[in-house]
Amino acid sequence: MKKKLRILIIEDSEADAEILLRQIGRSGYEPVSARVETKEAMQAALASREWDIIIADYSLPRFGAEGALETLKESGLDLPFILVSGTVGEEKAVRMMKAGADDYLLKDHLERLCPAIEREIGEFLNRQERRKAEEELRRNRNQLAVLSEASGILGSSLDYTTTINRAIQAAIPKICDLCLVHLVNESGTFRRLATAHSDPKQAVNYGEWLDQQGYSKALRTGEVEILSEIHDSELLKIGVGSSLSVPLMARNRTLGSLTLMMAESGRCLGPSDLWVAQEFASRTASAIDNALLYDEAQRAINVRDEFLMIASHELKTPITSLKMQLQLTRRGIHPESGAVPPANQLFKTIDTSLVQVDRLTKLIEDMLDASRMQSGKLSFELGPVNLGGVIEEVLGRFSSELASAKSQVEIEAQPDIIGYWDKARIEQVFINLISNAIKYAPGSSLKVSASRDDVQAKVIVRDTGPGISKEKQKNVFERFGRGTLDHNIVGLGLGLYICRQIVEAHGGTIGVYSNEGEGAAFIIELPLAVDESHVTRGISFNEKADLDR
Amino acid sequence: MKKLILIVEDDLDILDSAKLFLEMEGFEVAEAHNGQEAMDFLKESPTRPSLILLDLMMPIKDGFDFRNEQLDSPFASIPVVVMTAEGRWSERKDQLKAEATVKKPFDLDRLIEVVRQVS
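Residue numbers (numbering that gives the first Met the number 0), protein chains in the order written: chain D, 0 to 548; chain S, 0 to 118.
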């Protein structure tokens with residue numbers, strides 16, 4: 000099959016051009032040609048289509064090979080140029096070669112034409128390959144330089160808004176004309192974090208304009224989007240020719256997207272640019288994630304510090320009372336005379352001291368429980384438990400406090416609600432709930448109701464106190480979730496957290512229903528039998544109840 | 000005539016012990032369990048206390064709110080000694096314009112020394 004050869008012939012003689020084309024045709028090529036004889040015609044021909052080679056006669060009435068070579072150079076195109084002439088002398092031929100012609104031959108030796116054509120096209124293709132390789136190398140170097148610079152900037156500070164704005168500027172214009180970073184907000188909406196362009200004003204314009212057009216697929220779905228040729232008329236209007244968006248991913252979460260765009264440079268983004276975009280995105284996502292992790296750690300440290308402050312205060316309260324009791328007793332003892340305080344006073348002092356020791360012990364146990372629950376080191380002892388019995392027992396223990404707080408208590412429990420639970424832990428749940436009711440809703444009515452169906456038991460502990468705001472309900476079951484800034488209510492803020500851990504470890508649920516000013520109802524649902532496969536956070540279950548515990 | 004001391008403290012055990020101690024030391028003692036009760040007492044009592052022993056962390060109305068209200072009331076001149084379990088007692092003393100602070104757990108000798116000095 001003949002190979003097509005696109006030849007632009009600079010020749011005033013149609014007959015001579017025909018001779019050339021016949022020679023070329025005999026050598027296995029299928030020539031597709033155009034003949035021009037003026038500069039303007041050559042310019043038009045070069046602009047209108049692609050050519051494989053130019054063959055030029057040396058002298059034409061209004062033009063010539065020198066002019067043609069000049070015109071080729073002016074066009075910026077790199078094409079093989081062969082001078083064919085009947086009259087050119089060696090001197091002129093050498094001058095033409097020096098000026099850029101690739102070969103010359105005489106019209107009466109046209110048998111050399113096709114070998115010359117093949118050789119020059121071969122050289123031309125080699126040059127093209129070399130240029131491509133050099134271009135690729137230059138591109139890679141630029142890309143690596145951008146990544147290196149961006150990495151340095153991103154790692155320089157935890158203020159990712161500032162560092163990302165600076166880092167993406169490093170991409171301009173080396174790898175793109177325009178770069179944008181968008182983030183996903185906690186609410187699921189999106190916002191533009193950073194825009195870069197060589198002109199800061201244009202950056203703002205592009206950013207605002209693109210915000211109105213909606214968001215990239217990368218941002219919406221977490222998938223790469225490459226648009227090598229934009230067809231969207233709105234984007235074309237503002238000069239964007241191609242774009243590449245990649246998601247910002249960290250720990251399997253889409254944080255946002257990085258978008259590269261080409262505009263005024265006319266360059267094109269494609270699959271070969273994907274790796275640099277993904278590398279850039281990866282480093283950007285890490286910067287954001289690290290900052291978020293640091294913030295999280297700081298918040299945890301602040302919560303811990305706040306807790307330590309509260310715990311220290313709470314522990315000092317029973318210790319203060321203990322110390323006062325001991326000091327008062329000591330003042331009443333006179334070793335010289337043997338005088339001691341009266342027995343009833345001593346008895347009361349010791350009683351009060353023991354109560355303080357119990358308070359301290361409970362506080363410390365709560366702290367240890369919370370810590371064990373957090374690290375999954377709590378063990379449960381299962382056995383048959385009569386729920387109504389537990390409730391009555393706990394209310395009995397609190398009878399004097401309930402009386403002091405002037406709380407009216409009502410129990411409404413179905414008989415014989417027997418579940419397979421850890422009795423001491425279930426007691427602990429009700430101790431915490433009743434204790435909270437006394438502390439937060441003194442003087443209110445307290446109603447505890449218990450019921451069951453085939454599968455689970457349900458307990459509601461309801462008071463008519465001040466209630467809990469919707470805001471506080473969001474974290475009331477978290478550690479320190481009583482609202483650590485509310486200094487009007489004392490306590491460690493662990494009670495409900497512990498209740499939740501115990502209930503959930505039994506496979507149950509606990510929730511609160513409350514409106515401010517209308518009391519609070521804590522609702523617990525407990526499966527009657529714990530599913531042994533339900534081992535949460537390393538909590539283990541033992542079959543036998545430990546009677547010594 | 001015995002000087003009257005108002006103890007504002009929500010922990011009943013601490014309150015009882017402090018009351019017993021100060022009465023043993025010759026003072027008359029009134030008690031309030033929170034800032035609101037303390038303010039109500041000041042308004043209703045025919046006898047003006049010589050000193051207020053003030054806890055800070057209390058329900059209903061804490062020591063801070065009470066002190067701010069007191070300073071803006073006819074009872075502003077009654078001196079206050081702050082009882083606190085926190086570490087920042089010096090800061091609290093200045094912040095609340097208190098005469099002194101006593102750190103919890105109290106040393107009774109220190110407590111009586113401060114009370115005698117300030118009342």
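None of these hints come from the bench; they were simulated from the model.
C-beta: ideal position from N, C-alpha, C; glycine also.
Don't take every hint at face value.
[To be verified] The following residues of chain S were derived to be distant from chain D, with all beta-carbon distances above 10 Å:
(1) D15
(2) A29
(3) E36
(4) P104
(5) E112
(6) V117
[What the hints assert, rightly or not] Calculated lysine-lysine pairs in the BS3-like style (CA-CA distance at most 25 Å, straight line):
(7) D:K438 to S:K2
(8) D:K322 to S:K102
(9) S:K92 to D:K322
(10) D:K471 to S:K60
(11) D:K469 to S:K102
(12) S:K92 to D:K405
(13) D:K131 to D:K91
(14) S:K18 to D:K322
(15) S:K102 to S:K92
(16) D:K72 to D:K38
(17) D:K438 to S:K18
Evaluation of the provided hints:
1. D15: violated, 8 Å
2. A29: Given a closest Cβ separation of 18 Å, the condition holds.
3. E36: holds, 13 Å
4. P104: violated, 4 Å
5. E112: holds, 14 Å
6. V117: holds, 19 Å
7. D:K438 to S:K2: Violated - the C-alpha atoms of K2 (chain S) and K438 (chain D) are around 33 Å apart, more than 25 Å.
8. D:K322 to S:K102: holds, 12 Å
9. S:K92 to D:K322: Satisfied, since the Cα-Cα distance of roughly 23 Å is no more than 25 Å.
10. D:K471 to S:K60: Between K471 (chain D) and K60 (chain S) the Cα gap is close to 19 Å, so the pair holds against 25 Å.
11. D:K469 to S:K102: Between K469 (chain D) and K102 (chain S) the Cα gap is close to 37 Å, so the pair fails against 25 Å, i.e. violated.
12. S:K92 to D:K405: violated, 36 Å
13. D:K131 to D:K91: With a Cα-Cα distance of about 33 Å, the restraint between K131 (chain D) and K91 (chain D) is violated, given a limit of 25 Å.
14. S:K18 to D:K322: holds, 15 Å
15. S:K102 to S:K92: holds, 11 Å
16. D:K72 to D:K38: holds, 12 Å
17. D:K438 to S:K18: Roughly 23 Å separates the two Cα atoms, so the pair holds.
Hints 1, 4, 7, 11, 12, 13, counting from the list given before, are not met by this structure.
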